[in-house]
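K.L.:
Below are the chains, spelled out letter by letter.
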Amino acid sequence: MVKKVITGNYSLAYGCKLCRAEVVAAYPITPQTTVVEKLAEFVANNEMDTQYVKVESEHSAMAACISASLAGARTFTATSAHGLTLMHEVLIWASGSRTPIVMGNINRAMAPPWSVWADHLDSVAQRDTGWMQIYAETNQEVLDSIIQAYKISEDHDVLLPSMIMEDAFFLSHTTEAVDIPEQADVDAFLPPYDPPEKLDVDDPKGFCSLVMPDWYMEFRYLMYEAWNKAKKVIYDVVEEFEQKFGRNHGALLDNYRCDDADVVLIAAGTSAATAREVVDEYREQGKKVGLARMRFFRPFPADELRSLAKEVDSIGVLDRSFTFAHGGAFYTEVAGALYNSPSKPMLKNYIAGLGGRDITPATLRGLYDELLQMKENGPGQEIEWVDLKDGAPHGEVP
Amino acid sequence: MGKTTIPEEELMHPGHIACLGCGGGLAMRYMLKALGRRTIVSVPACCWAIMHGKHPSFALDVPLVNTAFEVTGASISGIRAALDAKGIKDVNVVGFAGDGGTVDIGIQALSGAVERNTDIFYVMYDNEAYMNTGIQRSGATPEGAWTTTTPVGTTGDWKKGPKKNMVEIMVAHDIPYTATVNVAFPEDFVKKIAKGKDIVGPKFYHAFAPCPTGWRHPPEHMVKIAKMAVDSNLFPLFEVEKGKYRITRKPKKKIPVKDYLRLQGRFRHLPEDVIEKIQRGADRNWELLLRKEEFTADF
Ligand SMILES: Cc1ncc(C[n+]2csc(CCOP(=O)(O)OP(=O)(O)O)c2C)c(N)n1
Ligand SMILES: [Mg+2]
Chain A
1 MVKKVITGNY SLAYGCKLCR AEVVAAYPIT PQTTVVEKLA EFVANNEMDT QYVKVESEHS
61 AMAACISASL AGARTFTATS AHGLTLMHEV LIWASGSRTP IVMGNINRAM APPWSVWADH
121 LDSVAQRDTG WMQIYAETNQ EVLDSIIQAY KISEDHDVLL PSMIMEDAFF LSHTTEAVDI
181 PEQADVDAFL PPYDPPEKLD VDDPKGFCSL VMPDWYMEFR YLMYEAWNKA KKVIYDVVEE
241 FEQKFGRNHG ALLDNYRCDD ADVVLIAAGT SAATAREVVD EYREQGKKVG LARMRFFRPF
301 PADELRSLAK EVDSIGVLDR SFTFAHGGAF YTEVAGALYN SPSKPMLKNY IAGLGGRDIT
361 PATLRGLYDE LLQMKENGPG QEIEWVDLKD GAPHGEVP
Chain B
1 MGKTTIPEEE LMHPGHIACL GCGGGLAMRY MLKALGRRTI VSVPACCWAI MHGKHPSFAL
61 DVPLVNTAFE VTGASISGIR AALDAKGIKD VNVVGFAGDG GTVDIGIQAL SGAVERNTDI
121 FYVMYDNEAY MNTGIQRSGA TPEGAWTTTT PVGTTGDWKK GPKKNMVEIM VAHDIPYTAT
181 VNVAFPEDFV KKIAKGKDIV GPKFYHAFAP CPTGWRHPPE HMVKIAKMAV DSNLFPLFEV
241 EKGKYRITRK PKKKIPVKDY LRLQGRFRHL PEDVIEKIQR GADRNWELLL RKEEFTADF
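Protein chains in written order, with the working numbering: chain A, 1 to 398; chain B, 1 to 299.
There could be a bad hint or two in this list.
Said to hold, decoys possible - Cut-off 30 Å, straight-line C-alpha distance, at most; resulting in silico cross-link-like pairs (DSSO-like, lysine-lysine):
no.: 1; chain 1: A; residue 1: 198; chain 2: B; residue 2: 54
no.: 2; chain 1: A; residue 1: 244; chain 2: B; residue 2: 86
no.: 3; chain 1: B; residue 1: 197; chain 2: A; residue 2: 198
no.: 4; chain 1: B; residue 1: 227; chain 2: B; residue 2: 253
no.: 5; chain 1: B; residue 1: 89; chain 2: A; residue 2: 205
no.: 6; chain 1: B; residue 1: 244; chain 2: B; residue 2: 163
no.: 7; chain 1: B; residue 1: 242; chain 2: A; residue 2: 54
As the list claims (entries may be wrong) - Per the computed footprint, the stretches of chain B lying under chain A, defined by three or more beta-carbons under 8 Å from a beta-carbon of chain A, are:
no.: 8; stretch: 40-54
no.: 9; stretch: 76-89
no.: 10; stretch: 108-122
Derived by calculation from the structure, the hints in this document are not laboratory data. None of these values were measured; they are calculated from a predicted model. In this text, a Cβ means the ideal position worked out from N, Cα and C, and glycines have one as well.
Work out the full structure, taking the sequences as your base and the hints as a guide.
P.N.:
Okay, structure coming up:
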């Protein structure tokens, strides 16, 4: 094992290389560009035995990955924001055709106004496309998640694609010491992709053909079953990964100091790393706070949330995106999962850090302080936009 | 009976659900005869997405993947890349798409695949409109045609302007091989497709494929009308190999475009002056093609 000081984007590239992706099809977009550049370098230097299709758009990148995967190849792509949302139609095509594509997505804000900084709307807006979604907290987790994701996605009980998210710049362009596993260990963990069906001239079949109303629902139900099975596969893979590589980033919901907590904050991505610091600080002061990191937003950790709800009085849900619903997407889904649960803690939604605005320890201390008071004071304003400038939203934005 | 050069093996079987007299059906049949079993086909949204049969029926003897409307060029790039990754060299990869899926919504993905010099076949079966969705105009609908979105009405609102010249767009990509083919000329059709097997890189075919349903003519006139498109010089048969033009059929007796137009309900409304304009266009394009052939003769 080697330790390298690398960015999150290089973690994606090294992860793709270690997993021996046979076909890469990708298109550049800030802040993902260094992923496609690094992969090009690997291929040009013969460090990677890969067919690299330098497509003319993200839409074509995903379409090429789908067809390559149906032809039996392990495929990879990476994108961000406008690239991901351009793919929308073909993302649904990918899951429907049961292709275990793995993709890196650098979470970047959607324009207008133009912004290249961290925000989760791009991937949150793809939550209904049938892709598994992992939100990484560190560069190490980015790399490890790729290896895990191929293993989960390619499991014949699952056969669904995965996207791994990293926050723009906070991970994509920030270096960290990352353990790069030995190739032989990854090979032993992740055997070559062996699809149950593929485009094969010796066994000609039609793929993705028209179905009438008498069968369409059954195809979707098969996917629903795969989702349910995926949860167990995720736990198994996470455990096997820990045995092999000695690291565990959590499974669906990554609980930190939640066991005897009174209040918990739910967050995803790099803001969870900041929240960990604040939790430690508050724990030292005897305050019973915890963090539940949404590692997988898909499949959704409903059971894990219901178990958590049994233990705590109040839950704050931090959304780094806004979806123009009754609160952010994480919030509405957490609330939905808890509605039929026997224990219903108080819930509050915090919208924070949009467009790359820092979510600082001071900000998170404020949220925890409020959560600690909530049992006495009630949740106050249910959906709160955190750290808005003075005067906004009623004042004028220059 | 004369001897034919067309392979006898059928890879398209009864059970397909094409309309009576569908030119697109013949285009697939001849294409598969030319390429044989070791062929993978990608089909976007178009009539052919339905024609091979609804699940679980399947009328072809080659593997086929249905893809989204605009992605054919990318899909075949992906299949080729996967086969290359596996070291499989002897399988033909074909994108088989309609005119709308090619000249309009899919032109970007096709352009990318050709620019990357991907080793693929791309067959555009041209029925000159979006037929699967019910006869709406496409960028390949010819001047003067009625469609449901160029409905003539009381104002003469038929399709205005010429159709996109896809073969020239391919030539502008410096494509190794491109050709026109026509279901009324199966030997020429099969020969040109088979020729592509010896050419590495992208091969683009513009396949003329009348649609009785959309063109408003009896199904039994399909082959006759397809032949008249060639004999009137509206759809010349030629190929362009590394920039060199070769006309593969020079009609002995040119027929007026009027004879071709008047067999089809979609041109019924056309006044004389528009028919004359279409005639002038056909004459001009034919003259241009002859000169290109002459000009590139020693390429
Ligand atoms: C993104 C998208 N837009 C629109 C459609 C609807 N659609 C399906 S087939 C088709 C027309 C296809 O026309 P063409 O490519 O000429 O093939 P044809 O039906 O004539 O065989 C359209 C508009 C679609 N499937 N996808
Ligand atoms: Mg058409």
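K.L.:
Could you run down the list of hints and mark each one as holding or not?
P.N.:
Okay, the hints, checked on the actual structure:
1. 198/A / 54/B: Holds, at about 19 Å.
2. 244/A / 86/B: Satisfied, since the Cα-Cα distance of roughly 29 Å is no more than 30 Å.
3. 197/B / 198/A: This hinted pair holds, its Cα atoms lying about 23 Å apart.
4. 227/B / 253/B: Roughly 13 Å separates the two Cα atoms, so the pair holds.
5. 89/B / 205/A: With Cα atoms ~20 Å apart, residue 89/B and residue 205/A stay inside 30 Å; holds.
6. 244/B / 163/B: 23 Å, holds
7. 242/B / 54/A: OK: residue 242/B and residue 54/A at ~24 Å, within 30 Å.
8. 40-54: holds (count 7)
9. 76-89: holds (count 10)
10. 108-122: Check passed, 6 qualifying residues.
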